[in-house]
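In this text, residue positions in the sequence shown follow the numbering used here: the first is 128, and each later residue adds one.
Don't read these hints as lab results, they were simulated from the structure. No incorrect hints appear here.
Only pairs whose alpha carbons sit at most 25 Å apart, straight line, appear in this in silico DSS-like list of lysine-lysine: (1) Lys291 to Lys251; (2) Lys251 to Lys307; (3) Lys307 to Lys291.
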Amino acid sequence: MSARPIPSGLLEAFVSAYLADPTALSRYVALHPDHAGAFVAYAHEIALQAACRDEQTIAQDDEAWIAAQIATIRRTETPDPFARWSPSDYQSARRELDVPSSVLTAFRDRVVAPASVPLSFLDKLSGLLGVGLAELAAFLGGPPRLGNAISYKADGAPAAPKEKASFATLLTDASVPPEKVEALLSEDD
Numbered sequence: 128m129s130a131r132p133i134p135s136g137l138l139e140a141f142v143s144a145y146l147a148d149p150t151a152l153s154r155y156v157a158l159h160p161d162h163a164g165a166f167v168a169y170a171h172e173i174a175l176q177a178a179c180r181d182e183q184t185i186a187q188d189d190e191a192w193i194a195a196q197i198a199t200i201r202r203t204e205t206p207d208p209f210a211r212w213s214p215s216d217y218q219s220a221r222r223e224l225d226v227p228s229s230v231l232t233a234f235r236d237r238v239v240a241p242a243s244v245p246l247s248f249l250d251k252l253s254g255l256l257g258v259g260l261a262e263l264a265a266f267l268g269g270p271p272r273l274g275n276a277i278s279y280k281a282d283g284a285p286a287a288p289k290e291k292a293s294f295a296t297l298l299t300d301a302s303v304p305p306e307k308v309e310a311l312l313s314e315d316d
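Could you put the whole structure together from the sequences, leaning on the hints where they help?
What follows is the structure, encoded as structure tokens:
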């Protein structure tokens with residue numbers, strides 16, 4: 128493009144001439160070589176606008192297909208294995224796994240990094256949930272979420288954490304004694 132702007136009168140004359148006859152581009156470039164880049168850019172812009180002018184909206188068949196694809200994706204999302212649990216189920220699991228409630232809540236809210244959890248612990252948890260290990264791993268692999276029963280008094284709205292925590296961090300934050308943390312992190316049953 129040129130270093131100096133095209134005078135508005137010249138630009139208007141070019142646009143009028145180009146709209147009437149696209150070969151006007153070559154005449155204007157020859158007459159005003161210092162503005163050749165700008166004329167080409169304006170010609171492309173005019174051609175693009177003309178091409179988009181006749182664009183139609185998405186056909187109803189296409190909209191129906193898109194809606195069906197979205198519905199299929201939603202149906203294949205991993206179900207929440209914790210959705211069926213009652214408060215007494217949480218209490219039983221807490222005793223069985225020997226962890227505080229906050230640790231189970233972290234699993235429910237997918238705040239734990241699944242790769243940091245020993246397989247033996249995940250296996251026990253999946254058994255208590257009544258799902259396979261693969262289903263539990265798929266669920267835990269989803270993004271962290273905000274628990275539905277959480278309420279805060281804060282200036283801003285609460286949000287799910289952006290990063291997942293390691294199993295060791297969850298246990299330490301829940302004030303689990305170091306010797307118990309070591310036992311829970313052990314791969315042995």
